[in-house]
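Protein chains: 2
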Amino acid sequence: MDGEKKRGRVDLALVHHPVVNKNGEVIGSAVTNLDLHDIARAARTFGAGRFYVVSPYEDQRQLTREILDHWLQGHGSVYNAKRGEALSVVSVCDDLAGLYEQITARHGERPLVIATSARAKDSEWPFSRLRRHIGAGGSVLILLGTAWGLAPEVMDTVDGVLPPIMGDGEYNHLSVRSAASIILDRLLGRREES
Amino acid sequence: MDGEKKRGRVDLALVHHPVVNKNGEVIGSAVTNLDLHDIARAARTFGAGRFYVVSPYEDQRQLTREILDHWLQGHGSVYNAKRGEALSVVSVCDDLAGLYEQITARHGERPLVIATSARAKDSEWPFSRLRRHIGAGGSVLILLGTAWGLAPEVMDTVDGVLPPIMGDGEYNHLSVRSAASIILDRLLGRREES
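From first to last, the protein sequence lines stand for chains S and P. With our numbering as the guide, the letters of the first sequence map in order to residues 1 to 194. With our numbering as the guide, the letters of the second sequence map in order to residues 1 to 194.
These are computed hints drawn from the structure, not numbers from a lab. Wrong hints could be hidden among the right ones.
Because identical chains cannot be distinguished in the list, a pair is counted as satisfied if it fits within a single copy or across any two copies.
[To be verified] Listed below are the simulated PhoX-like cross-link pairs for lysine-lysine, each with C-alpha atoms no more than 25 Å apart in a straight line:
{"no.": "1", "residue 1": "Lys-6", "residue 2": "Lys-22"}
{"no.": "2", "residue 1": "Lys-121", "residue 2": "Lys-82"}
{"no.": "3", "residue 1": "Lys-121", "residue 2": "Lys-22"}
{"no.": "4", "residue 1": "Lys-82", "residue 2": "Lys-22"}
{"no.": "5", "residue 1": "Lys-6", "residue 2": "Lys-121"}
Here chain S stands alone, though its shape is the one from the complex (with noise of 0.2 Å):
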């Protein structure tokens, strides 16, 4: 990056409610151990800043810090070292209420919030419209919703929502740990020369 601006700081939370099930009604989901670290590791590796695992569950939360503990601390950091590192980037919240004040908190003003979905219509920010804005030094947060997507609700606390990752067709149902994979490489990956 020398002799460029420094890009912004891109973040990212994993929200388990208010999520959608297939229905479309309002639910909270459990923490999935591979959403961690797929997720965590894909941050790593394009040099996001936090990953914040949303549940209002006490219990889903404990869980994570165990999973959490035990790769940073426990025998899977002896084991892997590897991905103590990655899971090193995961921090606990409790809601998007506590999640924005955290990361106001951390870094002295509310990042750009933008939300996911398999069913955006007419977004604002295409991929290459926010990868323009971090180059920039303009800093974001990523919503990505666990389940059947973000509640609509969610909506109305963002800033803006990504398209969808299409491919030719219209069958669009990737995995959360898919979709938090290419947004990254999308908005971070190191570009080829062509």
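Following the hints, position chain P against chain S.
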């Protein structure tokens, strides 16, 4: 794709043997349920052809077939038909020789076979070149390794290797699920107008 040359076929194979463990020893790995789901969902989203699960172990192939049956014909097909739509692209096979035979018999010629590696140097197949190859009608089979990656002997059977997926830094320990998703997006993802 109206008015354009039809793009080539992209198939994927997830290799469970021969791969290496963290000490670089050649091993066979176990099938991971979420590998099947995540990579099949990404394959279906990006319009890949088939997703081959390669394992020399009959119990692992049988486990894979049972997972597929659950989602294609069992309770899973009622609970979430979209998942069966993704998993319908999965085929099971014994080893790389059998895979190359099967895919050659199916399509009448051997596709370009490209390996993936987090450690590849000096790739002659940057993503942009492979994307152009596919766009011009060329077909490709992408080999993905489980555990700590494809064994060196696999490299003698392939036509090239993709470069590692990198961010700004040197850490690039992505899960195979993340790597597969990003590779498909880079090769087949719908590009924004920017």
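Taking the hints in turn, this is what the structure says about them:
Taking the shortest Cα distances, Lys-6 and Lys-22 never come within 25 Å of each other, neither inside one copy (41 Å) nor across copies (35 Å). Only between protomers do Lys-121 and Lys-82 lie at most 25 Å apart by alpha-carbon distance; the minimum there is 21 Å, versus 38 Å within a single protomer. For the homomeric pair Lys-121 and Lys-22, the shortest alpha-carbon distance inside one copy (19 Å) is at most 25 Å, but the shortest distance between copies (44 Å) is not. For the homomeric pair Lys-82 and Lys-22, the shortest alpha-carbon distance between copies (11 Å) is at most 25 Å, but the shortest distance inside one copy (36 Å) is not.
Taking the shortest Cα distances, Lys-6 and Lys-121 never come within 25 Å of each other, neither inside one copy (31 Å) nor across copies (28 Å).
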